[in-house]
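Model the full structure from these sequences, guided by the hints.
Chain residues, written in single-letter form:
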Amino acid sequence: MQAFDNSRGIGARKANFTPGLKLMSGNDAIAEGALYAGCRFYAGYPITPSSEVAETLAKRLPELGGYFLQMEDEIASMAAILGASLAGAKVMTATSGPGFSLKQENIGYGCIAEIPCVIVNVMRGGPSTGVPTKPSQGDVMQARWGTHGDHPIVVFTPDSIEELFWETVRAFNIAERYRTPVILLADEIIGHMRERLFLPKPATVNVQNRRRPRRDAGDYSAYQVPRSLVPVIPDYGEGYRFHVTGLAHDETGFPTNDPAVIEDQILRLHRKIDMGFNDIVKWEAYDLEDAEIVLVSYGSSARAARAAVTRLRASGKKVGLFRLKTMWPFPEQQIRKLAKQAKAIVVPEMNMGQIVLEVERLAGGACPVIAVNRVDTEMLSPKQIIKAVKEL
Amino acid sequence: MTFNYQQYLRNDNLPHIWCPGCSHGIVTKGILRAVDSLGWQKDDMCFVSGIGCASRLPGYIDANTLHTTHGRALAFATGVKMVKSNMHVVIVSGDGDSLAIGGNHFLHSCRRNIDMTLIIFNNNIYGMTGGQTSPTTPFGATTTTQPYGNIENSIDAVNLAMAAGATFVARTTAYHVTQMDKIFAQALAHKGFSVVDVMCDCWTAYGRRNSFKSQVDMLERYKDNTVRLEKWNKMSEEERAGKTPIGVFLDVQRPEYCEEQHKVIERAMSAPSEH
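Those sequence lines, one after another, are chains A and B. 233 is the number of the first residue of the first sequence in the numbering used here; add one for each residue after it. 613 is the number of the first residue of the second sequence in the numbering used here; add one for each residue after it.
Source of the hints: derived by calculation from the structure; they are not laboratory data. One or more hints might be untrue.
Unchecked claim - Simulated restraints, written as ranges between beta carbons of each label pair: (1) A/Val607 with B/Phe751: 47 to 57 Å; (2) B/Ser848 with A/Asp482: 34 to 44 Å; (3) B/Glu878 with A/Gly381: 40 to 50 Å; (4) B/Gln619 with A/Thr365: 52 to 62 Å; (5) B/Glu878 with A/Thr365: 36 to 46 Å; (6) B/Gly651 with A/Glu470: 16 to 26 Å.
We put the beta carbon where it would ideally sit given N, CA and C, even for glycine.
Listed below in structure tokens is the structure:
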């Protein structure tokens with residue numbers, strides 16, 4: 233049936249969105265955010281607690297002229313979105329811990345081949361199949377270092393349904409602007425809980441579209457590096473006939489073994505993200521102005537941390553929260569500065585202590601850094617954080 | 613008139629990396645002749661590969677080309693094909709790439725019946741990594757990881773593809789070039805998922821270790837050890853021993869995945885939204 237006109241591009245249909253106040257789960261907010269950002273291709277494999285992202289998109293994507301594909305496994309899902317992205321679609325996949333592990337090799341492929349894509353990991357307890365239906369924040373370092381080799385990565389850690397929506401939109405925008413995979417690291421608590429969300433009119437959402445090459449195919453090189461350090465790569469089928477590989481490659485996109493060219497490529501991948509630092513790295517400063525004790529937290533743990541700040545303030549303690557909205561790249565200078573101002577930093581997280589190590593490294597002994605951890609699959613409570621602060 | 617291969621090649625990237633005596637060049641030329649016979653435009657073609665010797669092929673072809681991770685070519689290709697469903701997508705893959713690490717994608721691509729062609733460069737060995745056992749290494753053959761002789765049974769890609777639901781399945785060899793051209797053209801033109809198992813040789817990593825004096829020896833065994841399918845079907849079990857049938861095993865039509873997906877989109881877009 234050639235009646236479906238593929239040439240007009242996917243997602244050409246007029247927006248099928250109904251703005252207004254909604255009660256929505258986090259996973260649904262991710263799905264809606266993706267659609268608003270222009271996602272028109274999803275490939276995934278069912279896994280708790282992320283499956284609702286797929287289920288919602290299975291219904292919603294075709295309504296917008298987009299494609300939903302349930303692949304045979306997690307690896308295939310990641311591969312399919314990379315292929316679809318090279319063909320010109322805005323793409324996403326969603327998974328949880330074990331599935332995230334399986335996707336890692338192809339996430340690395342997306343990094344070196346500079347393919348925009350969004351990977352959602354609604355974290356669950358681990359290791360291995362762990363605890364499918366309970367929360368955890370155990371994948372912090374997996375998100376950073378799960379692949380092999382040296383490359384930068386962009387990871388967002390929203391903490392509410394409203395923020396899941398907007399950070400999903402932003403994840404797509406950053407992925408397109410910097411031609412890089414972006415990981416949205418959620419957790420079971422915000423994935424499954426429901427909160428109010430005001431869905432905007434589509435026209436009011438800032439959407440970054442992929443930059444297309446202006447040169448003729450004749451004098452075009454797929455990985456030519458402009459001043460922005462982000463190569464402008466056309467879609468397959470636009471007449472450029474370029475090559476994409478996961479091997480180290482030069483500006484032409486073909487493999488190289490030249491040490492200098494390889495080094496240049498790796499350094500440039502890092503530099504393009506470094507250059508975008510202020511655009512990519514966001515945080516929330518909550519009651520930080522006069523804080524003597526600084527909590528550094530993220531995701532659903534930050535919700536407990538915020539509650540702890542409110543209660544501690546009520547009892548006269550000068551406590552504030554530095555919440556990581558972007559986890560990687562890490563806001564190094566900001567943490568260094570806080571460590572010099574604060575009497576102590578407390579890092580609440582639902583793992584055995586992953587981000588605390590980064591904070592400790594940056595504090596460099598300027599102030600004590602205390603970990604507050606919970607790994608029994610229950611949510612970190614404000615009480616636990618308050619207790620830790622009072623024991624300082 | 614000699615065939616002008618140059619028009620389809622990225623001549624800057626040649627010479628290729630394949631060993632002297634490798635039959636991958638023969639198969640590559642067959643693919644280009646088939647493409648030419650169908651009049652495909654280079655801008656409309658996408659060649660996708662995984663990892664291995666055959667997987668370097670897309671780098672030499674002047675088309676849209678994608679060299680992916682080991683075993684995952686079919687999954688990458690599926691994404692490309694769905695978004696650009698007017699594009700001709702051809703996957704070139706070794707036996708290890710498509711039947712071992714990529715076995716799951718092989719099964720499900722057959723089942724999904726997406727309109728792409730998989731060409732398996734089946735040389736019974738992991739060539740690029742130096743001669744380890746592959747899923748098509750014959751029982752008893754010597755490899756670097758089965759130095760005492762292979763004790764695993766091998767996979768028949770043709771039977772597997774038919775069982776999994778591919779709609780065009782064929783086998784040919786690097787010796788039977790005329791048949792190969794014809795089969796490639798049929799496979800590429802077929803609407804649905806087509807699989808061609810091409811028996812070809814790695815003398816460097818397999819032949820030397822298994823007492824083949826030369827590459828010519830290896831190619832000539834196909835003359836003696838293969839049988840056209842039409843003849844095969846009339847042979848007794850005893851006559852079939854040690855022989856492999858070649859030809860087109862299956863050529864049927866079933867709903868094609870991209871078309872079905874487009875129907876879903878038409879349905880969803882015309883339905884009143886409950887959202």
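*Determine whether the Cβ-Cβ distance between B/Gln619 and A/Thr365 falls within the hinted range of 52 to 62 Å.*
With Cβ atoms ~58 Å apart, the hint holds.
_Is 34 to 44 Å respected by the C-beta to C-beta distance linking B/Ser848 and A/Asp482?_
violated (58 Å)
*Evaluate the given range 36 to 46 Å for the C-beta pair formed by B/Glu878 and A/Thr365.*
holds (37 Å)
*Just tell me: holds or violated, for the beta carbon distance of B/Glu878 and A/Gly381 against 40 to 50 Å?*
holds (43 Å)
*How does the Cβ-Cβ distance of B/Gly651 and A/Glu470 compare with 16 to 26 Å: does it lie in that range?*
holds (20 Å)
*asked:* Within 47 to 57 Å: is that where the Cβ-Cβ distance between A/Val607 and B/Phe751 falls?
replied: Distance hint for A/Val607, B/Phe751 holds at roughly 49 Å.
Violated hints amount to a single one, hint 2; each of the other numbered hints is respected by the structure.
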